[in-house]
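Undergrad: Residue-level listing of the chains:
There are 2 protein chains.
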Amino acid sequence: MKTTAFFLSDGTGITVETLGHTLFSNFETMDFIRIRRPYLLGTDEVSKVVEEINETSKNSELPILVFSSLVTAKSRALLNNCNCLLFDIYDIFIKPMENTLNVKSSRKIGRSHGMGTFDNYKHRIDALNFTMENDDGENIKNYQLADVIIIGVSRSGKTPTSLYLALNYGIHTANYPLTIDDLNSENLPSVLKPFKDKLFGLSINPTRLHHIRQERKSNSRYAELAQCQYETRSAEVLYKNYNIPFLDTSTMSIEEIATSILNLKQIQRRINE
Amino acid sequence: MKTTAFFLSDGTGITVETLGHTLFSNFETMDFIRIRRPYLLGTDEVSKVVEEINETSKNSELPILVFSSLVTAKSRALLNNCNCLLFDIYDIFIKPMENTLNVKSSRKIGRSHGMGTFDNYKHRIDALNFTMENDDGENIKNYQLADVIIIGVSRSGKTPTSLYLALNYGIHTANYPLTIDDLNSENLPSVLKPFKDKLFGLSINPTRLHHIRQERKSNSRYAELAQCQYETRSAEVLYKNYNIPFLDTSTMSIEEIATSILNLKQIQRRINE
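So the protein lines, in turn, are chains A and B.
Everything in the first sequence is counted per this note's numbering, starting at 1 for the first residue and increasing by one.
Everything in the second sequence is counted per this note's numbering, starting at 1 for the first residue and increasing by one.
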């Protein structure tokens with residue numbers, strides 16, 4: 001069974017799309033066709049989308065879903081002409097908040113994923129610069145400035161997790177690869193020892209690692225299952241011996257790894273407040 | 001005026017936090033203290049958070065807000081004991097969707113930001129690898145594989161935008177810096193000419209660029225206002241002469257730049273469907 005979902009916004013649309021993503025993951029038997037209409041700044045544009053929604057609804061067996069974060073009263077009024085199940089974020093959330101907190105909302109468009117303060121922007125770019133400069137053990141001079149240092153074997157997810165933490169939360173994230181020499185010695189690399197409290201380990205199922213490495217360098221020693229088994233087992237021994245918190249990332253998304261690290265290490269975000 | 005907002009989730013909490021971020025940006029006069037409680041997997045944990053909410057509410061002048069994406073009926077029932085304005089995503093969205101679509105939700109926890117398919121994961125990592133390898137004009141061999149090539153002067157926002165597009169939408173994003181030589185010649189760099197349809201230009205207010213460059217290399221020729229004025233003006237001339245779509249990013253967040261590029265160039269996302 002399938003139906004169409006429209007995401008309407010006067011800004012990026014990220015909020016309604018994120019919401020839709022969560023909701024739809026609860027309906028495994030359904031197929032949702034997603035139509036995104038961000039940056040709807042005038043009532044003419046909204047009217048056209050309303051027509052589009054009603055046209056789509058004519059050819060749909062199931063009701064159309066509409067998720068809207070439009071703010072202005074005029075635009076929102078037009079949505080009442082839609083033949084759909086409408087979720088108007090403004091009605092659902094802003095109105096009860098206004099009533100309960102006894103305060104008026106500003107009703108300005110496109111505010112939520114806007115720039116924010118210059119400080120916030122600077123934090124984010126600083127974090128990204130730090131993270132790119134300290135990727136994959138390339139730079140080991142500035143670890144005292146890191147919020148967290150992610151360690152793990154090659155292709156365990158260090159770089160995407162680091163970049164996600166920097167971009168989305170402004171976290172200064174370094175990452176350092178555990179090499180065969182480190183694993184053979186069963187010793188934490190000496191460069192990491194002074195920063196033990198900042199370390200977080202990534203682990204991964206060896207079969208999954210084998211698949212990922214095969215994609216990268218097929219039929220190499222590096223990608224062999226036995227090699228992946230040895231490396232992942234040795235890394236976990238290291239984590240346990242040094243009491244380093246770690247996660248098995250095999251079935252986790254980058255979002256899950258990143259937010260789990262924040263949660264388990266109680267790291268303060270520098271942005272998104 | 002301030003109050004406290006709790007974000008409860010059995011997963012990452014990204015959905016409720018994104019929603020809160022949007023809603024709160026509509027209340028400029030309010031100060032919201034955010035307390036995040038992700039990965040609440042058992043009713044014991046939820047009960048503790050309910051206690052925490054009620055304790056907080058005793059010392060709060062204004063009502064406490066609670067945003068929950070908890071899925072299990074037992075956990076959600078506990079929330080009714082909260083002294084707060086409760087927004088239960090499940091009640092608000094899932095129930096009407098079930099009724100309207102006449103289909104049952106799966107009621108599984110922590111699904112929304114989970115791994116998804118191996119294909120989705122691979123798309124995302126492939127995009128990130130491509131984007132890192134093709135950052136800042138470092139690699140110009142694979143532009144035929146790019147979904148988009150972002151161009152602009154140094155510090156106009158190319159790298160953060162590229163990484164955001166790769167990480168969040170799986171877009172293969174290359175970026176290429178417009179150098180002084182390129183700008184002096186008023187010619188599109190020859191390496192870019194075959195890929196004109198993939199180009200997207202970033203522009204920026206020269207005063208803002210001056211501030212950003214000052215942070216990076218203070219009192220350099222590179223950071224001088226006159227230099228920034230010359231470069232930004234020349235870049236815009238280039239964009240116009242070659243009919244390259246471009247954006248002034250001065251007051252835009254990375255999210256806004258990234259989603260605007262997707263929207264203006266109608267680029268298909270490879271993930272997040």
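There could be a bad hint or two in this list.
Note that the list lumps identical chains together, so a pair holds whenever it fits in one copy or between two copies.
Heads up, simulated SDA-like pairs for lysine to any residue below, C-alpha to C-alpha not over 25 Å straight-line [as the list claims (entries may be wrong)]: (1) Lys104 - Asn142; (2) Lys2 - Asp119; (3) Lys2 - Phe24; (4) Lys95 - Asn80; (5) Lys196 - Tyr143; (6) Lys265 - Glu51; (7) Lys2 - Leu62; (8) Lys122 - Ala223; (9) Lys104 - Leu62; (10) Lys104 - Leu86; (11) Lys95 - Phe27; (12) Lys122 - Ser25; (13) Lys95 - Ser190; (14) Lys240 - Asn129; (15) Lys95 - Asn81.
Since the hints were made in silico from the structure, they are not lab data.
Undergrad: Enumerate the violated hints, using their earlier numbering and listing them in ascending order.
TA: Going through the list in order, the structure violates hints 1, 13 and 14 and respects the others.
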